[in-house]
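S.K.: Mind docking chain C on chain Y? Use the hints.
Keeping their order, the protein sequence lines are chains Y and C.
First residue of the first sequence? That's 5 in this note's numbering, and the numbers climb one at a time after it.
First residue of the second sequence? That's 36 in this note's numbering, and the numbers climb one at a time after it.
Don't read these hints as lab results, they were simulated from the structure.
From the three backbone atoms N, C-alpha and C, an ideal C-beta is built for every residue, glycine too.
Take every hint as true, because none was put in to throw you off.
Computed list of chain Y residues with no C-beta within reach of chain C, every gap over 12 Å: (1) S32; (2) F141; (3) G183; (4) R272; (5) I332; (6) R387.
Stretch by stretch, here's where chain C covers chain Y in the computed footprint (C-beta under 8 Å, at least three residues): (7) 55-68; (8) 126-137.
Keeping only pairs whose Cα atoms sit at most 30 Å apart, straight-line, the calculated BS3-like set for lysine-lysine is: (9) C:K53 to Y:K71; (10) Y:K71 to Y:K96; (11) C:K88 to C:K51; (12) C:K53 to Y:K61; (13) C:K88 to Y:K71; (14) Y:K71 to C:K105; (15) Y:K96 to C:K53; (16) Y:K156 to C:K51; (17) Y:K96 to C:K51; (18) C:K96 to Y:K156; (19) Y:K96 to Y:K250; (20) Y:K71 to C:K96; (21) Y:K38 to Y:K384; (22) C:K58 to Y:K71; (23) C:K51 to C:K39; (24) C:K83 to Y:K71; (25) C:K51 to Y:K71; (26) Y:K96 to C:K96; (27) C:K51 to Y:K61; (28) Y:K71 to C:K41; (29) C:K83 to C:K105; (30) C:K39 to Y:K71.
Next come the chains, spelled out residue by residue.
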Amino acid sequence: MDKIALTGIGAVSPSGIGKRQLWANIKSGRSFIKEITRFDASRYPSHIAGQIDDLEKYSTFSERLLKKIDAFSHMALIASELALQDAGVDIKQEDPNLVGIFLGNAIGGWLYAETELRDMYIEGREGVSPYMASAWFPAAPQGQVSIYYGIKGFSKTVVADRASSLMALGYARKILAKGKLNLILSGGMEAPVSPYALLCCNTYGGLSSDNQHPQEAYRPFDKRRSGFVIGEGSGVVVMESIERAKSRNANILALISGYGTTCDGVDRINSAVDGKELARAIRIALEDARAGIDEIDYISLDGIALDIWDNSEVGAIREVFGSRSKDIPVSCPKSMFGNLLGASGVLDMIIAIQAMEHSLIPPTINLDEPSIAGLNYVSKEAREHRIKKALIISRGRGGINSALIIEKA
Amino acid sequence: MDTKSKLKEVLADLLKVKPEELKDDLSLQDSIGVDSTEMVESVIAIEKAFGVKLSPREITKSSSINDIEKVILSKA
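Just chain Y, same shape as in the assembly:
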């Protein structure tokens, strides 16, 4: 399958809004995880998160629109605008029928939904905003972005838990490679820092409750790991064919060259212990990219800091890369800003693109002592390293495995 060009990046994250601010904070290894202040979360077992406090500062959208949408749509709109600006694309000049949107989301827009549900139980059905019906569901951001830019082409929202956005990127690349569209906005968004969403994340049982030490709480692959920390945000990229990108003299930031996805098929929550299906997804992605195991220079890890997941991820990497697995630098930068669930994969890819551009591998923070030795962990500080090809791993509950390969243009 053809490689596809990435020509614009829009990032909205707890570590920064806009790719430059995000990268400046990521390369410094600074944590942005803190106690939740949006509401009183003190009685939740885990009440820390990567929270975005200054979204409005970066927003150019009208109050009239914002009152109708949830925060996750707002984040996706800002990320889309940033991506289009970065790509130098004036969407009004595009054929709207040949522009698409492929976004991933895991849980929907609960900040809006739970407020309205509360009003329904207090005031009755007349107390519920009529926008509720169109604000909360996972495909709402796709709808809002399409309305805002007048996009009319084939589009899709992928709901595959934490693997959603990486899967959306893989799908978008397939559609572009088939020549069905000229341009796609792809990525994902998630806004889980709300009372009900946080409760659901807590009852899932995977969150770290090291509330006393927010910045040290998320420690993927470390012996003292205690689960992950949630974060909110959105990442959107502009994707187009290499020929088109070259013909308009666009700056090609990277290419998507391979994608693979598999299911473990063993448990409704946990991944398989052996990581065999994740290994198969990685192999499919490598084959798709026509890349050998010697060509991968960096692996961006899923790393949710739970034994079964981290161990099976290490197992899959060892199975695929064999003796090379001790040489390839690996890291999990989301340890700095939280796991953006359905938007985690695209943020990982955006960070990997920046790492490629700057020949600098961002660290996994809080990785003091690996629970399983044998991988080339980049921890605590960023490390200089040239990257031509990188593998990004993203996984979801129920054993969803996805692997994406990007390479330097």
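M.R.: Just chain C now, kept in the frame of chain Y:
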């Protein structure tokens, strides 16, 4: 405050538009491009603000401020 001024204030505040955008003789669709969900919200807000009960098709996207004022005054 007269009915028309109050009506404009209620709708402007609700729909986050400027009161001057709501033209007396133009339909809500033509003046501010109101959508169907905004109409649902507007009808509920008008009922609350003026203490009237509106039947489903009394106020629509095609209604102007003058039309809505007439409906409210007819129920006063």
